[in-house]
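Take a look at the letters that make up each chain.
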Amino acid sequence: MSPSVDVKTLTIDGQEVSARAGQTILEVAREHNIDIPTLCHLDGLSDVGACRLCVVEIKGNNKLFPACVTTVFEGMEVTTVTERLQKHRKTILELLFAERNHICSVCVSNGHCELQTLGQQQGVTHVSLPYRNPALPVDASHERFTLDHNRCILCTRCVRVCAEIEGAHIWDVMGRGIDSMIISDLNQPWGESACTRCGKCVQVCPTGALFDKSKVGSDHPKYPDFLPYLNLMREAQ
Amino acid sequence: MTIEELDQIAEATRAEYAKYDHEINVCMGTGCLSQHSDQLKDALAKAVTAQGKNTFVRRTGCMGLCAAGPLVLVDPEETLYQQCKAGHADAIVSSLGGEPVAELQCDLREHFEQQVHVVLENSGHIDPEKIDDYIARDGYRALVNVLTEMTPNEVIQQITESGLRGRGGGGYPTGLKWGTVAKAGGDLKYVICNGDEGDPGAFMDRSVLESDPQRVVEGMAIAAYAVGASKGYVYVRAEYPLAVSRLANCLRDARRRGLLGNNICNTPFNFDVEIRLGAGAFVCGEETALIASIEGKRGQPKPRPPYPAVSGLWGKPTLINNVETFANIAPIIRKGGKWFASMGSERSKGTKVFALTGKITNTGLVEVPMGMKLRDIIEGIGGGVPDGHTFKAVQTGGPSGGCLPAELLDIGVSYDALVKVGAMMGSGGMIVMDDTSCMVNVARFFIEFCMTESCGKCIPCRAGTAQMHGILTRICAGHGTMADLDVLVDLCATVKETSLCGLGMTAPNPVLSTLKYFENEYIDHIVHKRCPAGVCNIQAPATASPLEVLA
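As given, the protein sequences belong to chains A and B, one line each in that order.
Under the numbering used here, the first residue of the first sequence carries the number 1, and numbering increases by one thereafter.
Under the numbering used here, the first residue of the second sequence carries the number 1, and numbering increases by one thereafter.
Next up, chain B with everything else stripped away, as it sits in the complex (with noise of 0.2 Å):
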């Protein structure tokens, strides 16, 4: 494969598209299919035979307005329909050309206009399982760079100038990552994908795969050429049965068109990448518990240092880094390093994805700039808090992170910053929560997922969640004392700085953002034993006489 080759595939590509007069683009990632949007599908092609309407209906990953879906999109005149069924289909069609259809319009130009699409550029544009579709969007091209015109070096140094910053949640600095394997000795290292998502409201990862699958591979080749690895994996989580089979499709056809397997480009590289599903433990996302996994054993951390750079899968220099980092290698290498550091804030560059869930209008993926604020994210992308209900707190960064109140909003998203107010990026997941949420009952909940999702093999993480638990339950129950918040704060130290991995080292968090931003909440449980958002089942205390009114 060369690049004339790689231009010819893209030209014939566009020139097939070019005959429509129409394109219309059907989501079909998870949240719309569970809609039914295959059925539209059908139904759209079915109309446009029947109407015989120059028209093409094509499939494609998510869209990112999940809240609105199925969505559907025409093509030029980039009209996008809402909450779509079948029963649609003839009115869609009919109205190529013409005016659009009024009552299935979806206009949030606030919600699209304030975003950057760089992961998600394609997401919603190509059909995921057609590997041209990809092609004609310039995708390979940083690939076939890469290896006809550009050192491991070259490589890494554009990927180091980029601030390119681990996606998964650490923030580690990739280019410094990558140049650690490439220093590692040996012939064989590996590049593993951590695909294993697994952050209650969290589906980033999974949309990507979905959407886009070429990119996360072309990433990977990416990578492997810099670090000098010939092999690769792909950790998916089992629950992703859409994201599995079209990354399944994908690697099928890029070693059809040569973009995998042997002497890649006719030069003497050599990469190729299998798929690992993960079976739904959620330290698996920890690495050197996912190498674990992969490696067919019990799916536990080991004590780092040895990283994985320098020991990882099988003993060999291991690369791993998140599906988001990988989506975003081809696009620095195409437009450089200084691009993509020209976006983002001080030491986050870049976009990021989040995930908006919970107690919002505009449930959905979103792409934006780092160092945005939570406010514009929440409000102005978000749409704000439904229902009248008032914003109370949005909690970022999963079962690791915190919960950030109203106060806070105005803080702009980066590593450092999220950090120094006890919260955290994690892979990005943003919940959402109004006035009907109780905050002790959130730090309960999280603190559960913590607790059977915790390995068991360190002893902080494994009994001390379950203290943390037992504690939190009670004061949800209404028969906490202001001394369990003491215990509470201690056995968070305990955890948080003795555990032994990251799952253990963060698991405390949510109880202590909710403590620090929320301690009226716990008082209220504690001492009125009443749950403010009436959530917590608090049985009401028997009437006190009047002697003890009185003491």
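Just chain A, same shape as in the assembly (with noise of 0.2 Å):
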């Protein structure tokens, strides 16, 4: 480490640690193995600080602060788990099971969704909160994938990996609060898109909103680990 770092040092669950000047809360608690719920964080993407699931507390202020976008600073006293924490994470998992149709014994996704396992973690053992049970379609247009809007977690993942890392942008949201919706290029059939094929989306996507039509049943494993190596490659160039 050059000695022009900026180094801060802070507690994060009691646990002391030190970090650089801008980092995030966090990475800093992924560099000590202390785990933060996310969902619409992915490494190597954009921060939006949209699923309020990284919420923390900190020290001398009431508020919550989403760990993926709060800077940390000296003497910072971070809590990522309390009941206050807990009850608010397990309320939004809830809320995002009742808001569409995530029905996981059908889905391909079943076994490796991020959302499933979240729902696991936090002891989201039943949702309290009556469906909503949307009508929402499935666009299977393109020739190698499919969307499905009523596993969608509106994370925009896959509208941050298409813009920021494939530069085509096809992906984005229309519509507004409970209505808005993911759509290719201008809510055309993403078949009939500008889509590059690429696949990045299907990779990034934590649940079975977006999967590849050549696999079966729930044989659907996702692997989003190359974006941090190919934004490593590509800065390295």
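Just so you know, these hints were derived from the structure itself, not from any lab.
Where hints are given, some of them may not hold.
Stated by the list, open to error - Once the Cα atoms are required to be at most 30 Å apart in a straight line, the calculated DSSO-like pairs of lysine-lysine come out as:
no., chain 1, residue 1, chain 2, residue 2
1, A, 63, B, 316
2, A, 222, B, 302
3, B, 496, A, 90
4, B, 373, B, 496
5, B, 183, B, 338
6, B, 302, A, 59
7, B, 130, B, 302
8, B, 316, B, 297
9, A, 200, B, 302
10, B, 420, A, 90
11, B, 302, A, 90
12, B, 231, A, 59
13, A, 200, B, 297
What the hints assert, rightly or not - In silico negatives: residues of chain A with every beta carbon more than 10 Å from chain B:
no., residue
14, 16
15, 50
16, 69
17, 71
18, 81
19, 99
20, 105
21, 126
22, 175
23, 226
24, 230
For glycine and all other residues, C-beta sits at the position ideal for the given N, C-alpha and C.
Build the complex from these two chains, which are given one at a time in their own frames, with help from the hints.
Right, here's the structure in full:
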């Protein structure tokens, strides 16, 4: 580490850690094997602070802070697990499960879904909120992939990976609030869009909303780990 | 432009008007225009010519008492006429110099006498489309004075001393915000005026832009000088066509007079303003979403920090203030920060414009010193609840605010006092409700508003408001359970504490405040299956058998 690096010392869950100025709480926590649940965050993509699962408490402030976009400061005391935080995280996950049609048993991502895993980790044994059961379409117009809006949680990872990494920006969001939908191009079928067929969006999708047509059943693990590597190699060039 | 030149324009304009024996001011704000005050003005002008009177007929902005429109004010007698139609023009003109027309006269002294006009000082007195009218009432003196006599730091010090806080709702100290932007580095900075007034029942910003747009532009120019910005944007809703056209006209005039553009007042200061139209998204009133919208992106908020003061429009330091905040700047500079700080309460200084709507006699715009009791505003200035009904609640702060019951009418309006009781100052909407309003239904209405206006980015606001809306709809239909109330409270906590921006953080306020002050109405709906106000359509339960009644 060069001498010019500005080092901050802070505690996360009572553990004293040091970090570089400008690092986020989430980065520092993960470097020290402290787990903070996230859904919209993905290493290699920009952060939007949208899923609110990574909220943490900072001593001296009654507000909650999203760990993915909050940078560290000297003497910061972060708590990542409290009763209040866990209750909010569970509620947020329940809101997601009730929002669209997440039926794990018939989902291609059953067993390797980030939403499902988080639900198990956070102890969501049942959903107490009424299911909204919206009628949502499935876009299977693409020759290789399918977009199932029923499983979409609007994390916008696909939007970001397409715009930031692939540079095609065929994905975006339309509509407002509960009616928001992921669209390709200007709401054209995916198969008719300017998609480059790179498949990055499928790999980064945390649920079964985007999946590969060539796989059957729930044999559909995703490998988003290529992103940090890709970024590293691009920077090296 | 120098102070002397301004004086000359002012003198010439005043001399021009002094030629007339009388001036007839006709309100041509949106409210009165909808009652054809434009035809009234034409009829008055025709009558003046026909009767050969030496009288000037002027188009003005809002006079405040929208309930009694169209309004006509005759100067110098200061006779106010209400509900004038084109047919009354002859009678009004022939009464000039004699006895006023009794049946049209509006005698509401208590309504006007308790008000203190700072922001609205010119509203109803000047033609909003004539820059000289504004200059004749000390307009642009503050700007010229600031540019020629004061340093940016002195300006910020005056604003800090005034204790002015952001009038958009949050109440952040204006001087502090200006100081932060002034300290931010970089040679390119922006000033944005937030005119995206989206609260149901709020029309303060619209009226200010329609009645006195120059005052807002002058405030922006002073702010730009203080923080070192050279470019300004006014973000106005496209739903306000009259405000937009008057603003565009005002910008053109200001450029012609050399009050906008390059080397203003022969100083190195350059500043110009552009108008940006909002496409009708409530969330674009949130500053980061507003900036995204100006940049041409989807109007979605971003996590803060970085605050716009550091990295705002196109990544440059940006000052964002509300229309009403900018409208307060010129008088503060003219009369000094101490003068402004002498009005209002301990921590909320100056005056505040409120839009009184709902079940209230004198619907319209009022401006009162901070700290005035809600009761004085509603019962005194507002004239109370009409038609023999009784007051039930007042909703302040729009969908982010709360419903306050009659017991709390004796609190003074200030940022902190309202937050303490679970409401919010907001931008200044005040909706009065009487015994015909169902509070559960009111909560449902506001949650529905937040649900449809949520941008959909963060989960708690997007899905949480939808779930809350579902529960409230069920309760209104008579299908609610007491367990629903617990779920509702839990959802409120999650949405309030974890949402990304102010929309979500404050969306539960109407639900929480009605639950706190009107819980009995919820219980009536759930347990007794009846709506006390008779608003909700609850199907009568099937007649219970005697055995069930006993059980």
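Structure-inconsistent hints, enumerated in ascending order
Of the numbered hints, 7, 12, 15, 16, 17, 19 and 22 do not hold.
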